[in-house]
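**Student:** Got two chains here, each in a separate frame; can you build the complex from them with the hints?
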Amino acid sequence: MVIFYKVIKELLVSILILLTSTYIMFVLLGQFTYKNTTQGIQKYSFNDINDEYFSWTIYLITKGEFPNQTKSIRDVNSIISQGFSRTFSIVAGSIVVISLVFIPVGFVSGYKKLKLSKLFSTALFIISSVPVFLLSIFIRPFWVNNFGQIGLGQSNDLFLRIGYFSIPVIILSIGDGLGGEIIKHVEDSVSSIEKEKYILAASARNAKIIPHLLKNSIIPIFSILSSRITILLGGALIVEYIFFSEGITKAALQALQDKDWNVIIAIAFIFSVIIVFMNFLNKFLSIIIDPRLRS
Amino acid sequence: MYYAESSQPMRFRKGFNIHIIVGLLLSSFFLLGSVLGIFLSDNLTHPGYEHLPPSDPVIKYLLDRQTQSSFQLESHVSDKFYLLGTDMEGRDIFVRLLSGSFNYLWGGFITIVISILLGIFLASLKYYYTKSQLTVPANFIFNVLDSFPRIIIVIIILFITNFSFYALAITIGLLNSTKVTMIVGANIEKLKNTQFIEAAKELGVSDFNIIIKHILWYNSRAQLIIQIIFGFASLILYEATLAYLNLGAPESIVTWGKMIYEGIGFKAAYLLKNGLLWESLPAALMIILTLLGFNLLAEGVAKRNSENY
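These protein sequences, in sequence, are chains H and C.
Using the working numbering, the letters of the first sequence map in sequence onto residues 1 to 295.
Using the working numbering, the letters of the second sequence map in sequence onto residues 1 to 309.
Calculated directly from the structure, the hints in this document are not laboratory data.
Don't take each hint at face value.
The calculated lysine-lysine pairs, modelled on DSSO-like cross-linking and capped at a C-alpha distance of 30 Å, are [as the list claims (entries may be wrong)]:
#	chain 1	residue 1	chain 2	residue 2
1	C	Lys-303	H	Lys-195
2	H	Lys-115	H	Lys-195
3	C	Lys-179	H	Lys-283
4	C	Lys-213	C	Lys-303
5	C	Lys-192	H	Lys-9
6	H	Lys-113	C	Lys-179
7	C	Lys-131	C	Lys-179
8	C	Lys-179	H	Lys-118
9	C	Lys-192	H	Lys-283
10	C	Lys-303	H	Lys-118
11	C	Lys-201	C	Lys-190
12	H	Lys-283	C	Lys-303
13	C	Lys-131	H	Lys-6
14	C	Lys-190	H	Lys-215
15	H	Lys-208	H	Lys-112
16	C	Lys-192	H	Lys-195
17	C	Lys-179	H	Lys-195
18	H	Lys-197	C	Lys-192
19	C	Lys-303	H	Lys-112
20	H	Lys-215	C	Lys-303
21	C	Lys-303	H	Lys-197
22	H	Lys-250	H	Lys-63
23	H	Lys-63	H	Lys-9
24	C	Lys-201	C	Lys-131
25	C	Lys-131	H	Lys-283
26	H	Lys-113	H	Lys-195
27	C	Lys-190	H	Lys-6
28	C	Lys-303	H	Lys-115
29	C	Lys-190	H	Lys-283
30	H	Lys-113	C	Lys-303
31	H	Lys-195	C	Lys-190
32	H	Lys-215	C	Lys-179
33	H	Lys-283	H	Lys-6
34	H	Lys-113	C	Lys-190
35	H	Lys-215	H	Lys-115
36	H	Lys-9	C	Lys-179
37	C	Lys-192	H	Lys-6
Predicted model only: the values in this text are computed from it and were never measured.
Just chain C, same shape as in the assembly (with noise of 0.2 Å):
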């Protein structure tokens, strides 16, 4: 029984160890939120606004509240319940989480899309056609994109750009590509000369079908995986990071980021003094857990992957 549990390839492992669910109970949040935030938010331009009546005007709202704890689970305008609270603007906290999430989920796809696609095809350029003409143009695109500077080549599409938060996703999903290419490549040069990938070209079947299928979908999944989860972690780190420089997405877009950077920004000394950190402290807390869960969920693939398991 030993013997045939060893001989078992690593791909058919069952169970989940703890570093998997630990990390999908962490980041659980922003994924059952990227789905809820559709439905619970009725407003998504504006999140958490619709609980302000038409007739105040904010500016009577603000002060009224300026003597008051932002955390309060009842709004003194309105008979609704905020889980949450609101923030020195009177918007629902729980709202605007959820509508965060919901965009880092969308923004998160286009970055995954752009890295994986562009970089397996650098790397399919690079490894797998190595006497092909185009190699030493993909090798060179791939030593450029490489070469990049990220964070300042970020700052620099955002301000062409108007501070698009789907240009941020691009070029987010552009310079990941690297890190693929040089993962999927890996696979690709250790695999291309074994003997089932031979037999395969014998047979006939097409280049298109032995990298997809037989390199990367039967061998190379687990690392795929853990570089989508990178893909959506990376984009949450640079929009936070940038928000809090003031470069974060326009006003239509809710991202934690933003919520951190109005929440502490330049209000802090006041915040601070009046107890009203509140309204950075959640969407802090979820992006330390998401990164955290993220990060988990990445070791934990690895882990069930690697030979050590």
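So that you can see chain H by itself, here it is in the shape it has in the complex (with noise of 0.2 Å):
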């Protein structure tokens, strides 16, 4: 029964943040958005972005999509949902790659301490110091070389089009820092977990210790995966304009120059839903998880 009541709790605590976030996106748009009056061209008050505010936020509860801007020619719903679908596979092949690759290695490297996984973690460590748009313009003509049929329509094949999405996908798990943050992440937590008392006592049983140890370190590396969306996030719109030249970073800012501020606030809106629920996912998993956090 605590279980739930917190549970319930969180959840209303980051409903509540996603609605305050979403109000201060609207008063941070607000301060370069005019209106026509009879006294002439003014600037938006409180009172009118307060307005929009609930307009929007009851639209989008009653309606479940997006409003348009009044006199807009773009239709934000569709704009989201074509430009979303390949950040977010972006996104997720990236969240593949560092659970399949990066998480392993650094839990070798940190329980093993295997000489190869320690030079895998030195290089990668390296590389991923690059900026990820910098990554991108190096590798672009290699891929477009190679994989741009691709994107042109012109071949099916399916080893093309697995490396047409791999190496965007890749570089957006090394790049900023991310791909050697994580994998020194996982190395220090399975390594400070190793020197419990528990573990000291499962191997002096002569117990199996890895089953220990990945049940105690679930609950740092989901915390550190999802502490790092956000660079996640802002690095696939980077990844997806080099790459792509389409997609949700060139509609937000065309829009931003055009000053349609809904398609700005639903993109907004969408990545602080992923980033709040991250977070909610977190406190979800340690409640469940650490009975230590249950009192």
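**Tutor:** The structure is reproduced here in structure tokens:
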């Protein structure tokens, strides 16, 4: 029952945080929005911003879709659905690469301390210091030469399709310091858990240590991933813009120049939902898995 | 002797490790250049233009240079020596790199001061004064700052402030303060119930002294140094990334990101064909080396302070 109340409380707090961050974004965007009045062009007042925010929120809750700006030729919902499908696939691919490659390498490096895994983590640490946009610029000519025909619709070869999407995914999971940081944190958390007394007791009784290590390192590893989601989302925008030239980044920049703030609010809202959801999931998993947090 | 060495507290360990040495070497251009940039650049607002003679129109100069490589040690216009050559508009690349590092240093100071002050303030309210009425608002502000999509907020702020470089630094400082809050908060929570803190309270030491001196300075100095290093690194990273999207600082402020954008930007095909990619390479290399240096420096400080050292 205690767990249920804690989870409900975290969920309500997350919704409140989401609504507050959306309101702040409305206030920020209202600073460079103007309206035509009988007295000429005037800046949006606080009352105008409040009216826009409440009407936007009620429309979203009642109809389940984002409202379009009046007299705008853009349909926000189609832009979001077309743009985000590719962004989310890149982000999902990066999370898969991180979960299947970097986290196991960090685990092995922290537990077994193998030289090969240490070498891999050092090399990754050096490469991940390069920003995502520089990595993308350097690798893009190679990507266009070898896999460009997929983008132009001239080939449906499975190997080429895998290469077409995997290179941006790998760049996103490595760049901006993400890959090196994740491996280092997993190494550190596994090394610190290995020194705990219950691991020593288990090894003294000749029991298997890995299940205990895995169970106790899930929470730190998941909290590392959830805290790095902002870097992943930001990098996905850049990678998508450089490799595919279309997508949510281009739509956002175009909307900012045309002052179509409904598109910007919708994009920012979806990103906030993802971040708040990951934080909520982190706390939820901590409460479920760790009995010390239930009291 | 072994017992005496192993019983030494962490903060009195002497010596640098290889990470700190290599990190300092790699980021030395940034550190030195930001100081030298003030003295070597005659004109901070438009650095590198001073070599153009006033009688030559810029267009004639560009037309003359179209058939020549941009990597030249001597300008055909003046007798001045250019260490790294000039760009397409005739500006000294080396001087612009120095000016860029000087601008990043100033912006970095703003970012760090804001993130550390706000981070310590929020962490104290959240973790030290747990029974105060301000704990819940501090918690809420922390969660709201943490939930912002950073790059979108930074882009919005840039549009509002007409691409001001210092507004970017302030925004990054505010967004980075959540990380400082978490780190400082973890240390406060770990140490606030220890005997030496209780003894300090009993002796009448003020809360400000306990938090700043006893908890942060004596026990969490290394982690704050790491956050300072990452503050500089995040400013360089954000600015360079946004400059590539043509959302960089205005003309009067030189940054490495803008140098990359001006070098590659929309002239990529022409530049590659004529071997003129030189303009972007120095700035790109400086960004890579500086960020790698900062990462190694942070890693070295963390290793020096850790129990595994």
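**Student:** The structure should be examined with respect to each hint, and the outcome stated for every one.
**Tutor:** Hints versus structure:
no., hint, result
1, C:Lys-303 / H:Lys-195, "holds, 17 Å"
2, H:Lys-115 / H:Lys-195, "holds, 20 Å"
3, C:Lys-179 / H:Lys-283, "holds, 17 Å"
4, C:Lys-213 / C:Lys-303, "holds, 23 Å"
5, C:Lys-192 / H:Lys-9, "holds, 27 Å"
6, H:Lys-113 / C:Lys-179, "holds, 29 Å"
7, C:Lys-131 / C:Lys-179, "holds, 23 Å"
8, C:Lys-179 / H:Lys-118, "holds, 27 Å"
9, C:Lys-192 / H:Lys-283, "holds, 24 Å"
10, C:Lys-303 / H:Lys-118, "holds, 15 Å"
11, C:Lys-201 / C:Lys-190, "holds, 16 Å"
12, H:Lys-283 / C:Lys-303, "holds, 29 Å"
13, C:Lys-131 / H:Lys-6, "holds, 20 Å"
14, C:Lys-190 / H:Lys-215, "holds, 23 Å"
15, H:Lys-208 / H:Lys-112, "holds, 14 Å"
16, C:Lys-192 / H:Lys-195, "holds, 24 Å"
17, C:Lys-179 / H:Lys-195, "holds, 26 Å"
18, H:Lys-197 / C:Lys-192, "holds, 24 Å"
19, C:Lys-303 / H:Lys-112, "holds, 19 Å"
20, H:Lys-215 / C:Lys-303, "holds, 26 Å"
21, C:Lys-303 / H:Lys-197, "holds, 23 Å"
22, H:Lys-250 / H:Lys-63, "holds, 27 Å"
23, H:Lys-63 / H:Lys-9, "holds, 26 Å"
24, C:Lys-201 / C:Lys-131, "holds, 17 Å"
25, C:Lys-131 / H:Lys-283, "holds, 22 Å"
26, H:Lys-113 / H:Lys-195, "holds, 14 Å"
27, C:Lys-190 / H:Lys-6, "holds, 24 Å"
28, C:Lys-303 / H:Lys-115, "holds, 18 Å"
29, C:Lys-190 / H:Lys-283, "holds, 20 Å"
30, H:Lys-113 / C:Lys-303, "holds, 16 Å"
31, H:Lys-195 / C:Lys-190, "holds, 18 Å"
32, H:Lys-215 / C:Lys-179, "holds, 26 Å"
33, H:Lys-283 / H:Lys-6, "holds, 10 Å"
34, H:Lys-113 / C:Lys-190, "holds, 29 Å"
35, H:Lys-215 / H:Lys-115, "holds, 25 Å"
36, H:Lys-9 / C:Lys-179, "holds, 24 Å"
37, C:Lys-192 / H:Lys-6, "holds, 26 Å"
Of the numbered hints stated above, none is contradicted by the structure.
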